[in-house]
Amino acid sequence: MPLIQRRKAAEADRAPSSDEKIAQDVREDEDRKKKESPSNKKKKAGEKNKWSCLDSCCWFVGCVCTVWWLLLFLYNAMPSSFPQYVTEAITGPLPDPPGVKLKKEGLTVKHPVVFVPGIVTGGLELWEGHECSEGLFRKRLWGGTFGEVYKRPLCWVEHMSLDNETGLDPPGIRVRPVTGLVAADYFMPGYFVWAVLIANLARIGYEEKNMYMAAYDWRLSFQNTEVRDQTLSRIKSHIEMMVATSGGKKAVVIPHSMGVLYFLHFMKWVEAPAPMGGGGGPDWCSKHIKAIMNIGGPFLGVPKAVAGLFSTEAKDIAVARTIAPGFLSNDIFRVQTLQRVMKMSRTWDSTMSMIPKGGDTIWGGLDWSPEEGYLPSKGRQRMNDSQVSSESGTNNSGCPARVNYGRIISFGKDVAESPSSEIEMIDFRDAVKGQNLANTTCRDVWTEYHDMGIEGVRAVAEHKVYTAETVLDLLHFVAPKMMARGSAHFSYGIADDLDDPKYKHYKYWSNPLETRLPNASDIEIFSLYGVGIPTERAYIYKLSPSAECYIPFQIDTSFEGEDEDSCLKDGVDTVDGDETVPVLSAGFMCAKGWRGKTRFNPSGIRTYNREYEHAPPANLLEGRGTQSGSHVDVMGNFALIEDIIRVAAGATGEDLGGDQVYSDIFKWSEKINLAL
Amino acid sequence: MGSVLRLWKLCYVEPVKFQSFGSNKNAEKRQQQQQEERSVSEVESVVQKNGRDDDDDRKKKKNRGKRKSREWRCVDSCCWVIGCLCSVWWLLLFLYHWLPVALPGFQPLESPGARLSREGVRALHPVVLVPGISTGGLELWEGKPCSEGLFRKRLWGGSFTEILRRPLCWLEHLSLDNETGLDPPGIRVRAVPGLVAADYFAPGYFVWAVLIQNLAKIGYEEKNLHMAAYDWRLSFQNTEIRDQALSRLKSTIELMYLTNGCKKVVVVPHSMGVLYFLHFLKWVEGPPPTGGNGGPGWCAKHIKAIMNIGPPFLGVPKAVSNLLSSEGKDVAIIRAMDPGVLDSEILGLQTLEHAMRVARTWDSIISLIPKGGETIWGDLDWSPEEGHGCGLAKRRTLQSSGTNMNSNRADGKITFSVMKEPAKYGRIISFGKEASYLPSLQLPSVDLKELLLGSPSTISNSTCREVWTEYDELSRESIRDVADNKVYTSRTLLDLLRFVAPKMMQRAESHFSHGIADNLDDPKYDHYKYWSNPLEMRLPDAPDMEIYCLYGVGIPTERSYVYKMAPTGKCKSIPFRIDSTAEGYEDSCLKGGVYFVDGDESVPVLSSGFMCARGWRGKTRFNPSGATAYVREYQHRPPASLLEGRGAASGAHVDIMGNVAFIEDVLRVAAGATGEEIGGDRIHSDIMRMLERINIRL
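Protein sequence lines, in the order shown, are assigned to chains A and B. In terms of my numbering, the first sequence opens at residue 1351 and continues consecutively. In terms of my numbering, the second sequence opens at residue 5 and continues consecutively.
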């Protein structure tokens, strides 16, 4: 119908102007273009805007597409070195990447290199799934584009979860780690993890045969990766093979983040007798390993892990949040995203390996912590006093923004700052767990909080303050199942007597304070980490507005420090670190725990602390920066890459220049009173 | 006047308004044009290319005053059309993505893996997959400046986009060193490791993916499923020297054996991987430095079964044509992928020469040259396949003389009596159609060895430098001599190749051998060059090991060729080419200059079946421990409909990996069944009859 009307209108319009030559031409033109005429006629018909809107949309889309294709074509035809020209024109000549620079110095391949990726950076792919996962066979569920998170979120969560009882696969689902260098070279397209390091190593001659990515399923507890996938055996066999085929050159191991703990576990496992261990014999490590270069190692755990487990609010562990911050709070999951993420991540045993270890001795008690007196911005005046210190009246008079870092979780800010004697702590452990609240509506997002009942929740909040030791009790209280599973695989204490036969159990192997390093005095252990970024260390919590299906606690983001310099931001106390791991955790073992011959390091393995001061990228062109110190970006730090390449090519820690320290790690380590 | 005004408004003002719907920028651009009354801007001219009535508009442009209005109209309608197409496309794409994954009502066939899984078949033995030639991916680790940005990107496999973007650079990086057969200086191209190496050759073209998927259905995963990827361009021993590929395979098999509860592995090699694994069997038990030091019991301890898929045990005639004139189908897969490129001018008409130059640096191809000489492949007057009829479905042996005469006249040749003779497959290369069927007495015989002695004189190759092949070193006369010799059997073929490609053969013959051993106790057979020739090696001492030959039959497969001299061109340096005008009569095996026999499109039945059906059957000198050998053939059935894709009952060389019956066999063996349990031999072709004619001492 509208079409007919349109034609009539067009004719009527043309009639008066038919004597004009122009109009004749127009008509001829129109006859010629009959086929594509709708738009033309309409333009001539002019006044009809009703349908020209759609057409102009089409027109616009067409223009955009054409221009886009043109640009794409130009981009593809552009010589690939062009972006570099532009960058160099703007920022001046770039420094050579370390690989190129060191190749000019004549370094070549020497020792085989093993990468051990950390938590969440390794890809996971589907091998068997429920019906909803049709078509995803051997596609990445984790890593890559995460397209499936958006397309079928519930299915995705279901497949990423593990069994709540066993910590292994749920029935009918097999999700397995991606193998090979592709497992963790890029986390997502464009977001490198190991890729830069791999590229630089390749410059001096490394390739697949002497680089190995020890990919493992980072959701499992360490021993379970062996039980289910024989991952530890595979790593052992692969290292042996690489050492054998490269003419007896020992391997340089480069673990990152949680991979550090994983490799610690591996070293104990490989020398332990079968069946629990790998049966490699007591000198396996000294025969096969030249150096361990731990990048950002959370040796003593990270406070973030607590927040992650407690209320799913840490940054790194629940990376899902960073990926799509908007999406967490909106309605895709019907407001229960966090609950689902919590339910999923609580089935991952590995997160429990990062709960702070060493208790109050390391992390500080109610009134004390090794980092006290830390100022976030060193350039500023130290005596920038605030009311906090006078109010709290603790004895360290030199420090202004005094934070009791030892109180990892406190309920309410005043509690976080008042002296311990004033805090009234009510023991929550005896609190009766209430009956299940109305569970009907929340069934599919059921978390263990729903078992606790209101009484339990209130009791937790009334205890007010938790230190590294009591946090464990707290977690046992709020997530009994998870902790029951976890404490069979991990331990968080400090050993009194390492000769005690109980320390032969694998659950101690990933805790550096409850194991001895292998008997291999030739190995060198490096701790490489970034410093100069505020890092989460303690949290201020509040009870969340009660709603039925909610997580009852959340970080109280309303609390800010009184002045600019304060370490308290959005309810989180921060210290120096690499954005994820505090310096204390990353540096203590190499700075003190293993330095010289100690009971944790009986053979006197040499250790080195190498810190990399964070410098944010100067401009956007630099991407994530070549001098970054943050937890993952440090893998693109040129100084760190250079250190690694030198060691891989045969240098020792002394050749690198020994320790390189910017933070107060040695001072802080001094304060820790630990029998060595 | 009023109407003029209205028209003016119509033509100038309205469009501007109208365009401002879109974006201001575009509107401004158009406005400018109209005001300035100039010819179209560059942007527009690009856009205009898409227009249908571009030319019309240009003509109209000459009529000043009116053309402006038409100009933008054309551009606009172009944009409009593009916009419509794009929007519809996106809409469809969007709908496609939101479509439920499995369409209701469309029930695909249940995969063999799912069926067996229901029957209770479970993963038991670890499985090792060994890919064949050209199916494995290769990626760049170090390259020349022209390869900027391709670090760890696939050069081979995947989408092959770089061929189009920088073809010469691509060729340069895929070549190996002509002297050593290893990396050229400054270039490192390495095999992609892991299952991704050869699951898909190109997006959508599966190789191992279907088999992997079915294995996964019965419980396989990466810990008991391994892809032994290797650089298929290198000679087998060189993969160990450069990449330690054999050591890695050994270590992986040992690891899988241990971690899976001491279950022996099932090895599934495909195509050239069969020879590679044969080499591995000998290597692993051999003493260092050339061997893997596994000791004499290694294979018996670690290997349950070897399930050879489409095995070219005795070589493939295709390899010869490929080396001689780059005209094979399977080996030079490049051709199959984009046939247009080869003949077009992208590389300046020298695509084939380039391909030949690159392919001749790949030692591995030499491993596929027919082995066993005239004993196996037949001589001038005899071949094991003779009497094979090519109307494969009809099974007719001889043709009516009527069709004979017709085709003869068409050819304009006077040959009557011979036509009833069966094709002489033994003559793998013949120059001219007559030479392929004349009785041997009528053939001239020139001994090529004499030619070899006379040193070839170099022709000036100033203009052809960049596509230099070894043919340029041959003089015109010697090329004619080669053609005058008329006929080559699989024995004289080697002489021919030595003559036309001396460097390549010299390199390769230190890695491969193509004869038949007289006395296997001779210590010279400890050398690695004999390890991949089943007629010059003994199987390892492993009586429990099972060897399967699984291959498709029922597809015409290249067996011998009719060649002609190529027209002389300046840089047309390949002097020979297949005479594709040589056609046989209706039912003849000769098509397009190629004689066909039964096979799987790449490997003739003879080559794939001989060892399992005869050479290793029972206790023979090639199989002293008496490992059991089975032949399992799969009759080819083309896919019934397009929906079936490449077919669930295909017998073609690569497509067989999607064959349901084949997959079921592999799955059952992997789950613990023996050869007897899956039904022993299963034969469709004439293989047994052919083999009786072969006179070989066992």
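It cannot be assumed that every hint is accurate.
Here are the simulated distance ranges between beta carbons [claimed, not checked]:
id	chain 1	residue 1	chain 2	residue 2	range
1	B	Pro628	A	Pro1623	37 to 45 Å
2	B	Asp548	A	Thr1516	36 to 44 Å
3	B	Glu680	A	Cys1482	37 to 45 Å
Keep in mind the hints are simulated off the structure, nothing from the lab. None of the values given here were measured: they were computed from a predicted structure. Positions of the beta carbon are idealized from the N, C-alpha and C atoms, including for glycine.
Hint-by-hint comparison with the structure:
In this structure the supplied range 37 to 45 Å holds for Pro628 (chain B) paired with Pro1623 (chain A), their Cβ-Cβ distance being about 41 Å. Taking the beta carbon of each, Asp548 (chain B) and Thr1516 (chain A) are about 37 Å apart, inside 36 to 44 Å as hinted. Evaluation of the 37 to 45 Å hint for Glu680 (chain B) and Cys1482 (chain A) yields a pass: the beta carbon distance comes to about 41 Å.
The structure meets every hint from the earlier list without exception.
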